[in-house]
Every structure is written in structure tokens, then in C-alpha cells.
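**Q** Same order as they appear, the protein sequences are chains C and U. Every letter in the first sequence is one number past the one before it in our numbering, and letter 63, counting from 1, is 63. Every letter in the second sequence is one number past the one before it in our numbering, and letter 422, counting from 1, is 422.
Hints in this document: simulated from the structure, not taken from any laboratory. One should not assume that every hint holds.
[What the hints assert, rightly or not] If the Cβ cut is set under 10 Å, some of the chain U residues that face chain C in the computed set are:
{"id": "1", "residue": "122"}
{"id": "2", "residue": "123"}
{"id": "3", "residue": "314"}
{"id": "4", "residue": "316"}
{"id": "5", "residue": "362"}
{"id": "6", "residue": "365"}
{"id": "7", "residue": "371"}
[Unchecked claim] PhoX-like, lysine-lysine: derived pairs with alpha carbons at most 25 Å apart:
{"id": "8", "chain 1": "U", "residue 1": "434", "chain 2": "U", "residue 2": "299"}
{"id": "9", "chain 1": "U", "residue 1": "402", "chain 2": "U", "residue 2": "343"}
{"id": "10", "chain 1": "U", "residue 1": "79", "chain 2": "U", "residue 2": "43"}
{"id": "11", "chain 1": "U", "residue 1": "247", "chain 2": "U", "residue 2": "228"}
{"id": "12", "chain 1": "U", "residue 1": "79", "chain 2": "U", "residue 2": "41"}
{"id": "13", "chain 1": "U", "residue 1": "33", "chain 2": "U", "residue 2": "47"}
{"id": "14", "chain 1": "U", "residue 1": "24", "chain 2": "U", "residue 2": "47"}
{"id": "15", "chain 1": "C", "residue 1": "33", "chain 2": "U", "residue 2": "201"}
{"id": "16", "chain 1": "C", "residue 1": "33", "chain 2": "U", "residue 2": "287"}
{"id": "17", "chain 1": "C", "residue 1": "33", "chain 2": "U", "residue 2": "402"}
{"id": "18", "chain 1": "C", "residue 1": "102", "chain 2": "U", "residue 2": "287"}
{"id": "19", "chain 1": "U", "residue 1": "435", "chain 2": "U", "residue 2": "299"}
Note that the structure is predicted; figures quoted are calculated from it, not measured. From the three backbone atoms N, C-alpha and C, an ideal C-beta is built for every residue, glycine too.
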Amino acid sequence: MRVEYINPFVEAAFSVLKEVLGTEISRGELYLKSSSQPMLGTTAIVGLTGDVEGRVLFDMSLQTALAIASTMNGEEFKSFDDLAKATISELANMITAQAVTKLHDLGFKFDLTPPALFTGENMEVLDTDVEALIVPIDMPLGKIEINVAVRERN
Amino acid sequence: MDTVAEDSIVQEEEKAARARIDYKMVTFSLRGKDFGINIMKVKEISKESKFTFVPNTPAYVRGVHNLRGEIIPIIDLRKMFYLPVSEKRDNEEQEEVIILRLANDLIIGIIVDAIDRVLGVAYETIQPPHPIFGDINIKYIEGIIESNGRLYIILDVERIFSEEYTIYQQIDTEAKAHTEPLRIPEPEKEPTFNFVIETLKTFSSFHVSDLNRIWVEERFEEWEKRCKTEGRQTQLQGTEDAEEFLKSYYSPYTGMMWGSDYQENLMKLLPENPSGSVFIWNPGCGKGFETYSLAAIAKIKYPQHRIKVWANDIDLLSVSTAPNMILAKEEIPSYLLDTGLLKEQARGFSFIDSIRDSIVFEYHDILHHNEYPEADIIVARDVLSFFEPESQQRILSDFQQKLKDDGLLIVGKNETLPEEEWYLLREGNLIAYKKEKS
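Isolated chain C, as found in the complex (with noise of 0.2 Å):
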């Protein structure tokens, strides 16, 4: 993965999620993974075309994806209905948007899919042919694991 791509999708996941969520939040060490992976249980994905291809992830559990939807909307949700999935979806919806701004300002040119969202149990994610960054980040409401996979166009 390119070095450029790294810091903005970092910073993104920062800003936002503090802007959004109003909490402390930590960053854990980055690393990378190959092979398939687990996922959380709630998963919000945005594809990522342009200069490079692939896809941003945006990984955590049920209970953190309704403690951040509780957060965000302001009420309580006891299930994971239609307007919580649409928050989570619009939460990765508008990281991803922040970074690809911030490289459209170093000159790379991205675009993005819409997000979609997955639920369900031991699913696992394979890509193909690329590695796969992880930025985990923890909050008190939970942890999130964003998981960039994209590679150059040759």
C-alpha cells in the first residue's frame, strides 16, 4: 500500500469519528494482513475506483454499531433496524469521503462506490492479490477496525 494513502485515511477516521461521536479515541498499532480475515459481525464497505482500485471496511461488532448509531441519532436503539444501518452506512460513507478529499488535495484522483453494509456472523473477507491495512481504533463505545485494501492501477 502506497505510504501517501495512509495518513489521510487515518486522519479521516480521526476526525470524523471524534466530530460525530463527541469521545476520547485511541489508535492501535497499523499493520498488515494477506489471507483471509475475520470480520466483527456489522461490516460497512465503500469501493474505491480511480487512480487505484479496491475497497475501504469498516469492521466492528453489533453492540458497537448500535452504541455509535445511539450516539449519533441521539436515541436509543434496542435493534439494528433500518435507520441504524443507514448511520453506519453514512458513517463510512463520510470517512472515506474526508480521505479521498484530502488526496485529491496530494493529487491522487479516487471515487467512491456507496456504502454498503453487511451483518451477520463468522463471516470472513478475502482479497485477492492485495494486502490489506488495518487501523484499529478504539473508543469507549467500542472498537472499530478500518481495513484499506487498494492497489495501483499498473
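Starting from the structure of chain C, add chain U where the hints point.
**A** Then chain U, alone, in the frame of chain C:
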């Protein structure tokens, strides 16, 4: 009624205690400390004397013994663990011997001070070894257990002896592999040599293999001599020692721009390239000095070509700083002066955009999938040794696959690649290989 209930409680507890025994161990003492060995490893115990001395063996080998027609080696565990052995003992005196049957039906007798008893052990009561039990290398200890107010150190005998066994096997095969006897370390320094190999792995994650063995052996001799004259220990005590040992391993111009001599040598080796584009792959690029040197030299050699350099490293901190590298005036080698490849900035000199744009710095693990086009040049100096031997093989075969037929692979000055697959080109202090044509 109460007593019956109490009795049954006591019985229950006893039962539970019995049920918690996962295995039994034979306990013994060495210099007043208590030790244990899993009873499944123990064939028998006996009192023996008059062992037959075997010349030219390590000090802890007491000799061999005839056990009902079977010849077994006898190891003095106290000597092996460098515990003091009282001088009075002579070969006539009866010694307490535990005879072990290890994996592969290896039978070994060990001499201990006194065999104590058999003790039941539950896995949950075993505590991990603590570095405070310093006299015995911690990796030989399975755990510590407390029983009746005494602490027993449970030894991992498989590990103790399998390692000794494999070391000798290794030396044996090495001896067969090399016809020149000069390269085999002399017997008395084998343990230290192997220890140095182990500690290099631990402290600097430097793995000794065929790739670097020649250098390591030469360096070890030099190191041993130096330590003797300076009166210090040959064994590496920590990361500092390991780095000191490896100091002469690194290739010229590590962590700085390549000098003019290196540049000239590379210019001589670079082939004419009619294709119009040059791909360079630079794994382990670190802070990027090597990468910029390469990109600039390629630009000088092939001014009209399209140049693309893929540089990657697993060290995020180093590689993140690479794209914005700034050089002080004195850091610029002479072959780059007046080429117009550098431009002055507020804080120093940086490369012009066409050079910078030709390089892609990536945070990437080379053990993952390497999604790169076929390369004209691969530069991996002093990279491979920091991977485990199997990974070294994997990366090398990846290089073999990713390198064009007339491409160059540049490695560190102390790295040797297998002759069957790689053809050595040497130009001064620059070591390069081409693919051996099959």
C-alpha cells in the same frame, strides 16, 4: 449425620485432588535445588558406577554405560548446567542415574545428586518458568510447581537432548556437504558458534543460512579473536552485541546515498535496454536512500526511458518519511552534482518531480503477495537474512519469477545465492546476479 456429611466432603476433596493429577514426575535434586522430569520420559532409575570414558566429548559427557547389553551415553546434568560438582567424587563411587527414553527411542542416562520421589502433577498448578531461576537456560524449563512447600523445576528433557542431538547431526551433514575441512568450525568452539547463531536470531532477527554462512563463519573467527584480546565474552549478551557483530555485514552505503564508486560499478553492469522502459523493484527500501540512488542512476543511464521504481518496506515509520527525503549538500554524491536531478529547497535539496514521480513507496510485507510487473532490476541488499530460511527460499523464488531474463538482482556484499539458479556478476564491491539460463 454431620460427620457422615463431613466424611463425604473429605472424600470428595480427595477424589478431586486425585482427579487433578494429569501426569506424574520423578523428582530429584541438583545442588540442593529440586527438579522434576515427566515420568513418561523415564525408563528406569538406578545406581551405577564405572562409566567408560569417551575421549574428545564435551565435559558434561561422563562416558558410556553398558545397560544390559545396550550402550547408552551418560550425561552429568550438573556439569551440563554448570552447577559445581564436588571434586572428591571418583569414578568408583556409585552415582544416581535416571535413564530416559526420549523421542526416536533415544536412550540417555543422566547423573543427578539424589533421586527423591514420584509426584503427581496437575497442569493447572504448573506455573511458567521465571527468569529468576537463572542457572539453567529458561527454554529448557517446562514450568515450576509447588508441592509440600518445595518448589520443583520441571525440565523439558526432550528439548534439552533433542537440541544437542540435532546440533551434532547438523554438523555431521555440514561436514559431508563441504569437502574443504577448513570451513567446519573446530569441535571445541561449536557450542559457542551455535550459541552465537541463536542469539543473532533472538536479538537482531538475523537468520544464518546458506545465504550468509560463509560470512558468519569468517566473522565468528574474527570476533572470537577480538573478544579474547579484549578479555570479554564471545557470546552475544544483547542487541548491542548482536548489532556490533553484524556491523561489517551491511553493504557499502547502507542508510546513505550510494557513492560514486558504487555508481560507476552499477553503470558498468546495467545492460543496454532497447525496450524503452525500466522497472525496478526495491524491497526493504528503508528510509529511501537506496531507492533514490537507484532512480537517479537509472535516469543517468537511460535518460530517454520511462523509469518506474517500486520500493517497499515493512517498517512503516521509515518508509513514511521516504517520499519527502531532503538531502544536505554534503550528502549529495558527486555524480549527482550538476545533473539537474536535484533542486534546492528551504531546508536542503530534494529530487525533482520527475524522479519523485517515478518512485512508488509502499508499506508492504514482502511475504505477502508481490503484485509487481516483471522487473529489469531487483535490489534487495541485506534484506533476505532477516527472514527465516524457508521465507528466504520463498522470496528468492519470487525474485526468480519476477526478474526479466536479462535482469539484474543486486544483493548485499556478504550474500551468496545458490549457483544452480543464479549466475554471479561482480564489479568491485557490487554483487549482482543474473538468472542462470535453464
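**Q** If a hint holds in the structure, say so; if it doesn't, say that too.
**A** Each hint, compared with the structure:
1. Below 10 Å, beta-carbon pairs count as interface contacts, and residue 122/U has none with chain C, the closest being about 33 Å; its hint is therefore violated.
2. At about 28 Å, the closest approach between the beta carbon of residue 123/U and any beta carbon in chain C exceeds 10 Å, and the interface hint on this residue is violated.
3. With its C-beta approaching chain C no nearer than about 7 Å, residue 314/U sits inside the 10 Å limit, and its interface hint holds.
4. The beta carbon of residue 316/U comes within 6 Å of a beta carbon in chain C, closer than 10 Å, and the hint placing it at the interface holds.
5. Below 10 Å, beta-carbon pairs count as interface contacts, and residue 362/U has one with chain C at about 5 Å; its hint therefore holds.
6. A hinted interface residue such as residue 365/U counts as satisfied when its beta carbon comes closer than 10 Å to some beta carbon of chain C; here the least separation is about 5 Å, so the hint holds.
7. Checking residue 371/U against chain C by beta carbon gives a least distance of about 5 Å; that is within 10 Å, so the hint holds.
8. With a CA separation close to 21 Å, the supplied pair residue 434/U and residue 299/U stays within the 25 Å bound.
9. As the CA atoms of residue 402/U and residue 343/U are separated by approximately 34 Å, the hinted pair breaks the 25 Å bound.
10. Distance hint between residue 79/U and residue 43/U is fulfilled; the C-alpha atoms sit about 22 Å from each other, no more than 25 Å.
11. At most 25 Å may separate the alpha-carbon atoms for a hinted pair to count; residue 247/U and residue 228/U meet this at roughly 19 Å.
12. A C-alpha spacing of about 21 Å is found between residue 79/U and residue 41/U, which places the hinted pair at or below 25 Å, so the restraint holds.
13. As the CA atoms of residue 33/U and residue 47/U are separated by approximately 20 Å, the hinted pair is consistent with the 25 Å bound.
14. For the proposed pair residue 24/U and residue 47/U, the alpha carbon gap of about 21 Å is at most 25 Å, so the pair holds.
15. At roughly 24 Å between alpha-carbon atoms, residue 33/C and residue 201/U fall within 25 Å of each other, so this suggested pair holds.
16. A distance of roughly 22 Å separates the Cα atoms of residue 33/C and residue 287/U; the hinted pair therefore holds under the 25 Å criterion.
17. About 22 Å separates the Cα atoms of residue 33/C and residue 402/U, which keeps this hinted pair within 25 Å; it holds.
18. For a cut-off of 25 Å, the pair hint linking residue 102/C to residue 287/U stands: about 24 Å separates their Cα positions.
19. Straight-line distance between C-alpha atoms of residue 435/U and residue 299/U comes to about 24 Å, which keeps the hinted pair within the 25 Å bound.
Hints 1, 2 and 9 from the earlier list are contradicted by this structure; the remaining hints agree with it.
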